[in-house]
Amino acid sequence: MNARKGDGRIAYALLAPALLVLVGLMGYPIYQLVLISLFDYGQEQVSGGAPLIFLGVGNYATLLSDAKFWSVLGQTLGFAAVCVVGTLLVGATLAVLATRVRTWARTVLFLAALGAWATPAVAGSTIWLFLFDANFGFVNELLGTTGFSWTFDKWTAFGLVAAQVIWCSFPFVMVTLYAGIKAIPGEVIEAAALDGASTFRTARSVILPLLRPILIVVTIQSIIWDFKVFTQIYVMTNGGGIAGRNLVLNVYAYQQAFAASEYGLGAAIGVVMTALLLVVTLGYLRALRKSGEEL
Amino acid sequence: MKRGVVEAVTVVIAAVVAFPLYWMVLTALKPEAEVITADPRPWTLTPTLDSFTRALTVQSFGRYLVNSLVVALVVVLLSLLISFLAATALTRFRFRTRTTLLIMLLIVQMVPVEALTIPLFFMMKSVRDVVPVFGLNHLGSLVLVHLAFSLPFSIWMLRGFVAAVPVELEEAATLDGASRFRFLWQVLFPLVAPGLVATSVLAFIHAWNDFLFAKTFIISAAENQTLPLALQVFVKPDQNDWGAIMAGSTLMTIPVLLFFIVVQRRLVAGLAGAVKA
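In the order they appear, the protein sequences are chains A and B. So for the first sequence, full-length UniProt numbering puts the first residue at 1; every next one is plus one. So for the second sequence, full-length UniProt numbering puts the first residue at 1; every next one is plus one.
One chain only, chain A, in its complex shape (with noise of 0.2 Å):
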């Protein structure tokens, strides 16, 4: 709309409802939770027994000096790295056999992916638990290994989520990238053929600097997602695996706050985790703005 007296208030009119969501549902409780991660907030406190104490960054101390946060902590960033890394790899791939096929393959395609997409992601996990269940699942079944639990032993139980996690979000992936390289004019892909380029010359020098701002946006939000995934997890390794050895940062939160009535250390790792994707965010802006996008 062109300038005209009186834009702000409109605007301002316009936006009001959606601020004062904002405000109310995550600014204020963002405020909140950084707030009690100063305290020493458990069940008494809560239910009024016991005067709130003022830890300052006690919690966070606690947290540092605790082997088990970073044990989570490289938990959690391990099995997103390889759950991002296996997203991107299998719905690239697939994003590209899916421009090699005639329509009626490709339809068949998407319409798994769409399957997959569409599952919810407590579905998901029970669909998988009993299709790797140790005396009834077909897989085990198939291999021959009737009776062997995918969920007792530590790495075979992140395996299995990361694989599920994999399953249910490579078609975002998939459906997004085989857009960016439908909207890649011909013209452009022929002028190389022309210049003599090979496919393999042709994807790298042409068809991938057009996708990089598409890609960046994949595989950010893929980092988002796969860091904080806790469904998949709470459900499939029944709240962090045998002895909490499955646990991610977010389960972790959810246990100390919510089983242990531990709310301050709860909170103070959910402070954490945020810090640690506004960094993941501000890396986000960087690689927008380098790619030419204007805000």
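No lab work stands behind these hints, which were simulated from the structure alone. One or more hints might be untrue.
[As the list claims (entries may be wrong)] Some chain B residues near chain A, calculated using beta-carbon distances under 10 Å: (1) W23; (2) F95; (3) E114; (4) A148; (5) F234.
[Stated by the list, open to error] Now the stretches of chain B that chain A is said to cover, found in silico as 3 or more residues with beta-carbon under 8 Å: (6) 81-92; (7) 206-213.
[As the list claims (entries may be wrong)] Below are the DSS-like pairs computed for lysine-lysine, each with C-alpha atoms no more than 30 Å apart in a straight line: (8) K182(A) with K290(A); (9) K125(B) with K215(B); (10) K68(A) with K154(A); (11) K154(A) with K215(B); (12) K182(A) with K2(B); (13) K215(B) with K68(A).
Even for Gly, the Cβ is constructed at its ideal location relative to N, Cα and C.
Go by the hints and put chain B onto chain A.
Positioned in the frame of chain A, the structure of chain B alone reads:
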């Protein structure tokens, strides 16, 4: 490689991707004895709806299905309306805090909403005494949090679609004597439809799939549980009723699948548009 070979590979991959869903529906249709066997067969000659009956009667899945639908649809409608207005303000108006607001939007998108469970739990706890519908144990609390979490992404996504509508259209509408608000609803709104569809799908899935907030907020009101929670009720150590779990999972997946298939083309266009913008 020959195109036929590539296509055969594609079909095999599609089959692998779709297999868990096939297994879900198949298990839901098998009689119980065929489900709990050490050598499960990938077919059944005696399909039955017993598992669905158990899911619907023993665990009253119908009730939870309705709860989930109510939450997801209210979130979608409110989020579409609010994010359309906000996206319009952020793209077609120039005002001082515009850039700041856009950066804030991007930043709140990255806040791990799961981390906010703790403060939100306490907020909903105190809201319960004032406006019960939006407090703990009520579906309103879920609507509020999912609305808040879907807004930043929805606004960000719609922005591109609103920006893509040529300014000349508005000038023409103004010349024809249309007011700004008429232009907003009668010209702009229909033109950004693909964006609205893509946005609504993502908001719907977000609300529909939620397990964490339902688990945290709906603690003692069984009648207000949503599907993801109800499904968990079936999972008991050592005596899982897999048939009923898979029937429940099927019931839970069908609405999303239908939604996806209906909007499939527009969704792809929408994602492409959002990325281009």
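Okay, the hints, checked on the actual structure:
Taken as an interface hint, W23(B) checks out: its beta carbon lies about 6 Å from the nearest beta carbon of chain A, inside 10 Å. Of the supplied interface hints, the one on F95(B) holds, with its beta-carbon coming within about 4 Å of a beta-carbon of chain A, less than 10 Å. Taken as an interface hint, E114(B) checks out: its beta carbon lies about 5 Å from the nearest beta carbon of chain A, inside 10 Å. Taking 10 Å as the C-beta contact cut-off toward chain A, the hint placing A148(B) at the interface holds, the least distance being around 4 Å.
At its closest, the beta carbon of F234(B) sits 8 Å from a beta carbon of chain A; the interface hint therefore holds under the 10 Å criterion. Here's how the stretch 81-92 of chain B fares: 9 of its residues keep a CB closer than 8 Å to some CB of chain A, so the rule of at least three is met and the hint holds. Interface restraint, the stretch 206-213 of chain B with chain A: holds (4 residues with C-beta to C-beta distance below 8 Å; minimum three). Taking the CA atoms of K182(A) and K290(A), the gap is about 23 Å. The hint holds against a cut of 30 Å.
Restraint check for K125(B) and K215(B): satisfied, since their Cα atoms lie roughly 14 Å apart, inside the 30 Å limit. A threshold of 30 Å between alpha carbons decides the hint, and for K68(A) with K154(A) the separation of about 15 Å falls inside it, so the pair holds. Between the alpha carbons of K154(A) and K215(B) the distance comes to roughly 25 Å, so the proposed pair stays at or under 30 Å and holds. Among the hinted pairs, K182(A) with K2(B) is consistent with the structure: their alpha-carbon atoms are about 21 Å apart, no more than 30 Å.
For a cut-off of 30 Å, the pair hint linking K215(B) to K68(A) stands: about 25 Å separates their Cα positions.
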